[in-house]
Amino acid sequence: MTDTYITLAHGNGGRYMRELIEDVFARHLGNPLLDVNVDAARLPWNAHELMFTTDGFTVQPLEFPGGDIGSLAVNGTVNDLAVSGATPRYLSLNAFIEEGLPLAQLDRIVASLARAAKEAGVVVAAGDTKVLRRGEGGGLYLATAGIGVRMPDLELGMQCIRAGDTILVSGPVGDHGTAVMLAREQFGLKGDLASDCASVLPLTQALSDLPGLRFMRDPTRGGLATVVHEICRASGLRADLQQSDIPVRDQVMSVCEMLGYDPYYLACEGRVVAVVAPDDATAALAIWHALPNGKNAALIGQLQSGRAQVVLHTPLGGTRILDELEDDPLPRIC
Amino acid sequence: MRYDAAYWLQKIHALELPLHVRIMNVCGGHERSITMAGLRGVLPRNIDLIPGPGCPVCVCPEEDIYQAIQLSLSEKIILVAFGDMLRVPVNVPKNEPRSLDAARAAGADIRPVASPTEAVQIAHNNPNVPVVFFAAGFETTTAPVAAMLAAGIPQNLSVLLSGRLTWPAVAMLLEAGKPGFDALIAPGHVATIMGADEWNFVPAQHGLPAAVAGFTPQSLLAAIYSVLRQLLTDRPFLDNCYPELVRPAGNSSARRQLAQVMTVTDANWRGVGVIPASGFGIQPALAVHDARLRFPAYNDPSRKRAGEMPPGCDCARVVLGKIYPDQCRLYGKACTPRAPVGPCMVSDEGACRIWWASGIREAKVA
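Sequences listed follow chains A and B, in order.
Going by our numbering, the first residue of the first sequence is number 75, and it counts up by one from there.
Going by our numbering, the first residue of the second sequence is number -6, and it counts up by one from there.
Hints in this document: simulated from the structure, not taken from any laboratory.
Remember, it's a predicted structure, so these values are computed and weren't measured experimentally.
We put the beta carbon where it would ideally sit given N, CA and C, even for glycine.
Be aware that one or more of the hints could be misleading.
[To be verified] Derived coverage of chain A by chain B (criterion: at least 3 residues anywhere in the stretch with Cβ under 8 Å from a Cβ of chain B; other residues may be distant):
#, stretch
1, 164 to 176
2, 390 to 398
[As the list claims (entries may be wrong)] FRET-style restraints, in silico, Cβ to Cβ:
#, chain 1, residue 1, chain 2, residue 2, range
3, A, Gln134, B, Pro120, 56 to 64 Å
4, B, Val257, A, Ile95, 33 to 41 Å
5, A, Gln279, B, Glu237, 26 to 34 Å
6, A, Gln316, B, Pro120, 30 to 38 Å
7, A, Pro135, B, Tyr0, 37 to 45 Å
8, A, Asp109, B, Val122, 26 to 34 Å
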């Protein structure tokens, strides 16, 4: 790493964060189970595999249209397990609470967390609470670790991806990032856009029987562009995305136009990007279209051999490269 | 907009164009839309779209940023600034803070804001601390600052104003002869505030086609088609391809507020030099809110010469449309968004930054 200090950009899901993880955490903590490039680790356990993951949550504001830090803390971890092909079972919860947080707000958030856990079919089996002095935390930070059971014989991962595979997304991108930003009212913008914060388990389980399913990931920090970039980086393939096929809500588009953001880098919290063999693409799309959270699913592109980069084809026939995210458009969205 | 982008594109391709047409835009938002839509790749090859002086952060004089940095380090104040000013480097020896960001890391209380409202809020919340609002920007950003001043602001808030007018920079290019472009796309946001008529001088005095454009590909392509038609028929006029928002005389209340609280002065543009009547100053009646008068010790006119672009940096030529970003020797090598050398690689409005964000990674220069 060339940097002297940690900056907010080291948490954005892009280039800086990758370097931080590789050069500091992986360097000290590296072991055969810890793969910094997957969403959850595989732990051998009898005949099956347990999947284990952890995530921290610092979103501001704590509550926003479509969710709050509580539902986010459940769905963030549940989704990391789900896209790894596992059925989430148990969560642990750490709450770092800042002195002065209204108890009524904490109660609302924990109730929401419980609702989200129930919906996702997980149990909070362990927990811990710490209170920080005023000024030492943003009201409330949460951390969850999750254990899931992986469906037997499921072969999923970046290593399964082949040239010719298709890229699908389960719904409109950028809703969460935009909704949180609007909730901050920092730019004098208002809107009724809700975060897509939800468990993606129904979406991932529905695809798990498909023989051509190669890889799934939830596009959180860094958004769709970052996930596809990671796919290219790992597979050595080139991705061609059709801009007109990528679902983006009008409100997200207009906010992006106003503030100069790129919607393909904005976070989702309830979407799945899937890589599927070409023969199964139509079937995968039909499966998603039949689900409540998959109505707007779309086939957005294809992987080819070539220079490993993400090429976005604009509606007019122009192209631009979606590169690894540089600095953070929106800090603290999860 | 009645016609879509594909329609205008087809009309442009049907024109019998001269061998080489250079169309300049003077708005970072235009350059962003052009680059993000990949317009350069779909237009006929003989059309060059040139990003011009469209980035207020890029032309903000080095002495103003230096002044803001020194103020924030030496006085017990809160300095607020638009976020993209924070990383713009100044020319100082290695061990001194070379940006507002570095000054913040060194302990200065510097807070990024997205609007003047936030600056007022910070001043309200800290009544016993002088708050200095470093306001750099074109007419579009300066108008809300004027509105803020006109509405009355807390006694502890002052403004370090570095506002610029866009048209004088274009006029300077045209008056210097060899402007380097054959037609102009006039800025949509600036024209929304100041009016389309401000750009009449381009066809009227210099005989060059001009059109005000919005920020969608169809509005930009409509404007490009318009200036090409003007060129081919040799009948230059000022077209308005953004009539949804742009009126001939602009936004009258915004202009009134600008006139009420600001003066127009000769102003230094970083790497370019002094352009007559191209800067905003604060009316003497509001002197108590003018940070330049409130903290006169930090006004260092001797920096005006020192404050050119950093050595090797071609930002000035990029700003003036003389070269493309990837023709700078530093582009993508010594100068990246992570370690920017010049301001064009810092701001979201800067052409280098926009080109980098669109995935252009390698410099073309030998």
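Evaluated hints:
| no. | hint | result |
| --- | --- | --- |
| 1 | 164 to 176 | violated (count 0) |
| 2 | 390 to 398 | holds (count 8) |
| 3 | A:Gln134 / B:Pro120: 56 to 64 Å | 25 Å, violated |
| 4 | B:Val257 / A:Ile95: 33 to 41 Å | 52 Å, violated |
| 5 | A:Gln279 / B:Glu237: 26 to 34 Å | 47 Å, violated |
| 6 | A:Gln316 / B:Pro120: 30 to 38 Å | 55 Å, violated |
| 7 | A:Pro135 / B:Tyr0: 37 to 45 Å | 44 Å, holds |
| 8 | A:Asp109 / B:Val122: 26 to 34 Å | 49 Å, violated |
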